[in-house]
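Residues per chain are reported as follows:
Number of protein chains: 2
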Amino acid sequence: MIIDGKKVSQEIREKIKARLAQHPDINIRLVTISVGDDPASRVYVGMQHRTAGAAGLHPEHIELAGDISQQQLEEKIEQLAQDDKTHGMILQLPLPDHLDKDAALAKIPPIKDIDGQTDVNMGRLLQGRKQLVPCTPLGVMRLIEAYNVETSGKTAVVVGRSAVVGLPQFLLLAEKGVDATVTVAHSRTRDLAGLCRSADILVSAIGSPAMITEEYIKPGAMVFDVGVSETPSGIQGDVDFDAVSKIAGGVTPMPGGTGPVTVACLLENTLLAAQLQNALPA
Amino acid sequence: MIIDGKKVSQEIREKIKARLAQHPDINIRLVTISVGDDPASRVYVGMQHRTAGAAGLHPEHIELAGDISQQQLEEKIEQLAQDDKTHGMILQLPLPDHLDKDAALAKIPPIKDIDGQTDVNMGRLLQGRKQLVPCTPLGVMRLIEAYNVETSGKTAVVVGRSAVVGLPQFLLLAEKGVDATVTVAHSRTRDLAGLCRSADILVSAIGSPAMITEEYIKPGAMVFDVGVSETPSGIQGDVDFDAVSKIAGGVTPMPGGTGPVTVACLLENTLLAAQLQNALPA
Numbered sequence: 205m206i207i208d209g210k211k212v213s214q215e216i217r218e219k220i221k222a223r224l225a226q227h228p229d230i231n232i233r234l235v236t237i238s239v240g241d242d243p244a245s246r247v248y249v250g251m252q253h254r255t256a257g258a259a260g261l262h263p264e265h266i267e268l269a270g271d272i273s274q275q276q277l278e279e280k281i282e283q284l285a286q287d288d289k290t291h292g293m294i295l296q297l298p299l300p301d302h303l304d305k306d307a308a309l310a311k312i313p314p315i316k317d318i319d320g321q322t323d324v325n326m327g328r329l330l331q332g333r334k335q336l337v338p339c340t341p342l343g344v345m346r347l348i349e350a351y352n353v354e355t356s357g358k359t360a361v362v363v364g365r366s367a368v369v370g371l372p373q374f375l376l377l378a379e380k381g382v383d384a385t386v387t388v389a390h391s392r393t394r395d396l397a398g399l400c401r402s403a404d405i406l407v408s409a410i411g412s413p414a415m416i417t418e419e420y421i422k423p424g425a426m427v428f429d430v431g432v433s434e435t436p437s438g439i440q441g442d443v444d445f446d447a448v449s450k451i452a453g454g455v456t457p458m459p460g461g462t463g464p465v466t467v468a469c470l471l472e473n474t475l476l477a478a479q480l481q482n483a484l485p486a
Numbered sequence: 205m206i207i208d209g210k211k212v213s214q215e216i217r218e219k220i221k222a223r224l225a226q227h228p229d230i231n232i233r234l235v236t237i238s239v240g241d242d243p244a245s246r247v248y249v250g251m252q253h254r255t256a257g258a259a260g261l262h263p264e265h266i267e268l269a270g271d272i273s274q275q276q277l278e279e280k281i282e283q284l285a286q287d288d289k290t291h292g293m294i295l296q297l298p299l300p301d302h303l304d305k306d307a308a309l310a311k312i313p314p315i316k317d318i319d320g321q322t323d324v325n326m327g328r329l330l331q332g333r334k335q336l337v338p339c340t341p342l343g344v345m346r347l348i349e350a351y352n353v354e355t356s357g358k359t360a361v362v363v364g365r366s367a368v369v370g371l372p373q374f375l376l377l378a379e380k381g382v383d384a385t386v387t388v389a390h391s392r393t394r395d396l397a398g399l400c401r402s403a404d405i406l407v408s409a410i411g412s413p414a415m416i417t418e419e420y421i422k423p424g425a426m427v428f429d430v431g432v433s434e435t436p437s438g439i440q441g442d443v444d445f446d447a448v449s450k451i452a453g454g455v456t457p458m459p460g461g462t463g464p465v466t467v468a469c470l471l472e473n474t475l476l477a478a479q480l481q482n483a484l485p486a
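Going down the list, the protein sequences come from chains A and B.
So the number in my numbering is just where the residue sits in the first sequence, counting from 1, plus 204.
So the number in my numbering is just where the residue sits in the second sequence, counting from 1, plus 204.
Note that these hints are calculated values from the structure, not bench results.
Be careful, since some hints might not be right.
Since the list gives no way to pick out one identical chain from another, each pair is judged satisfied if it fits inside one copy or across any two copies.
[Said to hold, decoys possible] Keeping only pairs whose Cα atoms sit at most 27 Å apart, straight-line, the calculated DSS-like set for lysine-lysine is:
hint, residue 1, residue 2
1, K219, K334
2, K450, K334
3, K305, K380
4, K380, K450
5, K334, K289
6, K211, K305
7, K305, K221
8, K289, K221
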């Protein structure tokens, strides 16, 4: 079975659109900030903005010069932080080498941090008081919900231990009410295939094209592919889709799997941020 | 083999004492705050303070009335937060029911948060920029280091998913450079004994007296008991020490295992806090 990320994304976006349509007087503004002109990032931001606009949000993009100083970048972020017409902020990463990502992110107020990247939002997630959580692992949870995947007591393996995907994915799968028994695997893990074969739920987030083949899959497992690699033949996920889909219970394709739901979760988070700022009724 | 927490604790405290002896002019102050008079908490704080004092630190205890208001509690915390003679702060938990723990903890500056309980310190740990981390899981890492336990690529199981022990323990074992492959188990985990039997490193933090018996243990495994239960026959850990020590490679006793190292790590964190506040040379 193909896990249809486009469909689930559309359902989430329709709900957002319907909710916003009830408040035609409220303008919810989402600002993306990029430093320098990276063509790939520009394509991605453009897609985010079209999706946000179609759902009734008001996206804006600020492209800062590639040679901007740390102080100038932080001043710009602080300006948006204080602007009560800006409800959601995203700083496009990676930044050029001369800039300090952590110091810049620290200037984003947690309640405007719609990709859940700040220390406070990560800490809240760990402490069972999550508010804004990273969109990619949140999107995987939305797919799990949409497909009624049983999680309680099930074995989940997350491949990859990044702070953006792997670790928050672990926390979301292990939290009370979801209750999976979760293992995080990484480059030092021995017998990765055997470990993955124990998983009822497998999330791969490493960026190794088509590395996850049928010998990594338990029959009937639900497989979520979050890895993205650029290859000569186009975008490729971590999962060898054709091979894995013969044995898995469900697999996300790439593209059309976790990506569209990530974007829908960004919009969902923007609404939550507006709500936390008392700019939108609950 | 008994994993001797008392010995490792003493080694850490000797180092701290020697380091502080080089700076006789620097007074590092650690303040514990408790609300109401809980006899058990008083015993624990008394022990913390004797240990801190013996190592050359300056502990102080503030016992607030059990019926203090949230605002009064927060004012007291803020006062200590602003006092540059106070380097480390601990709020004894649990608080009486009428008080909001999270709001109170949020008033502790992250650089004075010597038990690593604030959102910012949890978020830093998750993001690979740890500073002050919770003392109990840090203590387990100190035992692992002291006994030269191999961790890279090894299988670790943490039983319990609390924000105070289980989840930070997971992050410390899975982080780069430690590189264990870690699973977090909890009350919904199926076949807990079987899962634990796969562990080269087992940390139990659930508070179920003597629940971990020999059928939970892989021969040669290193077992760290963090659970504490009060039983009619005294303090009892999660691990059935006599049974488990016949098959494990090493086991922490209770008492005398992870507890003394937790206290040593509290002192270690106080020095780190003072350093972060530029009150002590690195």
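Results of checking the hints against the structure:
For the identical chains of this complex, K219 and K334 are intra-copy neighbours only, at 22 Å inside a copy versus 39 Å across copies, given an alpha-carbon limit of 27 Å. With identical chains, the CA atoms of K450 and K334 are never at most 27 Å apart, being 36 Å at best within one copy and 42 Å at best between copies. Within a single copy, K305 and K380 get their C-alpha atoms only as close as 32 Å, which misses the 27 Å cut-off; across copies the closest is 20 Å, which meets it. Within a single copy, K380 and K450 get their C-alpha atoms no closer than 32 Å, and across copies no closer than 35 Å, so neither meets the 27 Å cut-off.
With identical chains, the CA atoms of K334 and K289 are at most 27 Å apart within one copy only, with a shortest distance of 24 Å there and 34 Å across copies. Taking the shortest Cα distances, K211 and K305 never come within 27 Å of each other, neither inside one copy (34 Å) nor across copies (41 Å). Taking the shortest alpha-carbon separations for K305 and K221, neither the intra-copy value of 33 Å nor the inter-copy value of 37 Å comes in at or below 27 Å. Taking CA atoms no more than 27 Å apart as the test, K289 paired with K221 passes inside one copy only; the shortest distance there is 19 Å, against 54 Å between copies.
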